[in-house]
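Here the protein sequences line up with chains A and B, keeping their order.
Quick note, the first sequence lines up with residues 715 to 1262 if you use the numbering used here.
Quick note, the second sequence lines up with residues 715 to 1262 if you use the numbering used here.
These aren't lab readings, by the way, just hints derived from the structure by calculation.
Bear in mind that the values here come from a model prediction, so they are computed numbers and not experimental data.
Take the hints with a grain of salt, since some may be wrong.
Repeated chains share a single entry, so a pair holds when one copy, or any two copies, can fit it.
Derived pair list, reagent style DSBU-like, types lysine-lysine, alpha-carbon separation capped at 35 Å [claimed, not checked]:
#1 LYS1125 to LYS855
#2 LYS1125 to LYS724
#3 LYS1078 to LYS1125
2 protein chains.
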Amino acid sequence: MTDSAHLPDKYDRDLGRVPANYTALSPLTFLARAAAVYPAHTAYIHGPRRATYAEFYARCRRLASTLAARGVGRSDTVAIMAPNVPAMLEAHYGVPMAGAVLCALNVRLDPAAIAFILDHGEAKALLTDREFSLIVKEALKLAKVRPLVIDIDDPVYDGPGERLGQVEYEALLAEGDPAFPLTLPDDEWQAIALNYTSGTTGDPKGVVFHHRGAYLNSLGNVLVWSLPPRPVYLWTLPMFHCNGWCFTWGLSVVAGTHVCLRKTTAEAVYAAIAEHGVTHFCGAPVVLNMLSNAPPEARRAGGRTIEVMTAGSAPPAAVIAAMEKLGFHVTHVYGLTETYGPAVVCAWHGEWDALPADRRAALKARQGVAYPVLEGLMVADPETLEPRPADGQTLGEVMMRGNITMKGYLKNPRSTEAAFTGGWFHTGDLGVIHPDGYIELKDRSKDIIISGGENISTIEVEGVLYQHPAVLEAAVVARPDSTWGETPCAFVTLKQGCEATTDREIMEFCRKNMAHFKAPKTVVFGPLPKTSTGKIVKYALRERAAAL
Amino acid sequence: MTDSAHLPDKYDRDLGRVPANYTALSPLTFLARAAAVYPAHTAYIHGPRRATYAEFYARCRRLASTLAARGVGRSDTVAIMAPNVPAMLEAHYGVPMAGAVLCALNVRLDPAAIAFILDHGEAKALLTDREFSLIVKEALKLAKVRPLVIDIDDPVYDGPGERLGQVEYEALLAEGDPAFPLTLPDDEWQAIALNYTSGTTGDPKGVVFHHRGAYLNSLGNVLVWSLPPRPVYLWTLPMFHCNGWCFTWGLSVVAGTHVCLRKTTAEAVYAAIAEHGVTHFCGAPVVLNMLSNAPPEARRAGGRTIEVMTAGSAPPAAVIAAMEKLGFHVTHVYGLTETYGPAVVCAWHGEWDALPADRRAALKARQGVAYPVLEGLMVADPETLEPRPADGQTLGEVMMRGNITMKGYLKNPRSTEAAFTGGWFHTGDLGVIHPDGYIELKDRSKDIIISGGENISTIEVEGVLYQHPAVLEAAVVARPDSTWGETPCAFVTLKQGCEATTDREIMEFCRKNMAHFKAPKTVVFGPLPKTSTGKIVKYALRERAAAL
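This is chain A alone, in the form it adopts within the complex (with noise of 0.2 Å):
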């Protein structure tokens, strides 16, 4: 049954692709028809400012309208520095409306990594907001690129920086075109976003995303959570962080309304869901524990439930378990920027609800299966990609296949290769299958604790740190020993009141709760380096574990 030896038939004779049968398929079909059918309803709010969906959209073809006028077309990168604002959202169509691509940038990168993205994807214009122009200044002065700089000088915010460009971004939607018609990608797989990692070795890579896969996992994101029509989205999670997880389109699906926020903190999310009656959130588990810390008068959740997804890293059980207490239900997903954000999820099924609450924490804190629209998800052997058996115990790489993989990694063959060999991509990330199929990350490969010849799990370690009543957050690292070549090392912020916690009772509780060999035989106490994504810089613990 493969093509090579299939000749055409009765079934492909005279039924091929024409105009009415085949569109490709893109997110910004999503907004068009948004504002079609919810023209009035409310696209975003940003503190004073609200948009209905006509507005939006006129403004998105106002921007993709002056981009085509400065030249700006199929394949040029757009980069944007902004934090979670209306331009940011706009960015996200009215750049692949001119046929260009989204470069979203990490607003926490220093000002040579800027300089090396600005060149590596050739930006061909920025998008910069006022409050991170001292960065971009200095990236602009290092960059080889000349891109157009368009300031963003949001009324929203009072702060220090200045003006980069020639033109501010209102001045220029001023001059577009409302009705700039709407031309979607003659080929799905065309390119619409372009995502830098991290890359904790090394230069960072850029993950192409295409039309297709964004479209699809806009739909999965909104399948996976059940998203009612028009709900309240509030937004946490930064925009930068794999298109928003994709929700900046996702939400076009069910005319949702988005709330900005420039800055994440418990009063703000505490307020907005007071004042806008927001329904949905993503954030990673840092931002649960923060909400679900915050003091009690902080708190306004106001009685109804809130549905919020997380991942970013394993929220450990005990912070699932906080924030359901507090009325918020969590959905657990798992992805990474080169599968479009989430693209795994803990499927919830029902007779789990009647299990007390730590248990039914601890089936939480996994995982999951794949999303519909991710064809391929498995625990294998790295190098033979033999799956796993479902032991719950055999560790093994996490591997997937299928539509909302990327397209690959900008002009890097060689690493995208590495990521895609043997027909599925490797996540780098270490874990197990359980007997129901359901997977669970046990640690990144780089992130493993080998103390004696025995693999430590880190995010184990942690969950068990999270149950302590002092620990407010946790992370563990190896730190290298002679004897056993690596040991556990925790550190750890209290929470306020809990100062006096010594380091020993914080061993001893992990030794009462787990393996010995697993226990921490290091125990530091202060605040955690954190990525803009609210991820702990693990790599920063090492070497700080490493001059102990």
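The hints should help you fit chain B onto chain A, whose structure is shown.
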């Protein structure tokens, strides 16, 4: 920005399709996933029988393996004549798993029509339920093809009928391989199903569906209906209608439970609702009418709101209002066989909830807006394709384009081209577009009669009438009917000397020569109104029929 002008650039080079990042879209993947994630969940209920998703999937694979073993493969047609039973569901997966194309036959067709379809589709196998053995036996005598005949001898059925083939369905499955590997098509454009329209002129046309469209419309249905995880879906809609509007496949996306029903009666529907906790079903307005007119003691909806999707002919506002009063929540959709079933939905606006019931029902009686997976919908001039003004007044032809319009008509390039003229699929339905962008049908293509959800070609009925020795001239039009929506009404001029012929004689003659549901329910004698060129003026007859 056309491909012809586009040379490969940085976003194309080394970023092509490979097994890790591309899979043909196919609804078969939904079942594989449902069986992996919810193996123990009930996939279907049929009388006392139940199957879990693991069992359902294994049975489909058994079917595929036995078909493959008998030489049924890519682009072979497998026909099925059955009511809404498990074998019908399983054929929707097992047949395409073997690479073949499913042709579900309308069980109300007469032997000649079935013989035509078997021959035209070149059926290589035929699954046939014992209930229809009389008709199928006759059809097989008339047909030129000699398909492998597989009897479905459903234990739930205890009526008359004989086995026609060499092997019974369960015996066939018993010899199959429950682990037969799931092979997806090489190309998502590959055919998955063949559905014959009744055809207003001459022979029925075979509408070809491909895997891509079936995948996308399955998702479209889940999206527009906000189908929750694991719904309980009742099969009132025949699965032979556009593959049950793609719900045969779509239910697997959400691991829903199919409740099978051989015959749709008000009692059976209410019993299923009470016994199985049905949450959703689809049905033509005639089904809704039946349910709302059932005697009060038969109604056992049990206080829950049940979601109903309706289409097939414009549901009278009164029927919608009556249903909602009974606790059914109606979603109105519209589509054609050529669009995989529903492709347009009357998407609801929250603010409409505050309107009076009759106004709400009138809004809901409109066909609405495009599905998220349908990229184009318009009401336009049939010749110039100029869109009609959105005034709710100006009549035009409804046209669609995008990924859920058919591949084309089998072995009928002339009809395919005509249907796709100008880059749009011409529905043949007349309607208007309202100022809010919602379309409303005003007339079906001018001759077709829709009776109980079935299309009846007036030309076909007229053809039979003309065979009666006493008939001089005949014209058939729709007569409004409170039960069936419409019934065929014949206007007949008798030959001289035949004035003694009665309406009863004419009707009986028709019933003998065609499917009973197509036979006229009313016969009126007298001269026919004609244009100067001798054409019968049907609209005048429709008015007369409505006034009877």
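Status of the hints after comparison with the structure:
no. : hint               : in the structure
1   : LYS1125 to LYS855  : within (23 Å within a copy, 64 Å between copies)
2   : LYS1125 to LYS724  : between (42 Å within a copy, 7 Å between copies)
3   : LYS1078 to LYS1125 : neither (38 Å within a copy, 52 Å between copies)
The structure does not agree with numbered hint 3 stated previously, though it agrees with all others.
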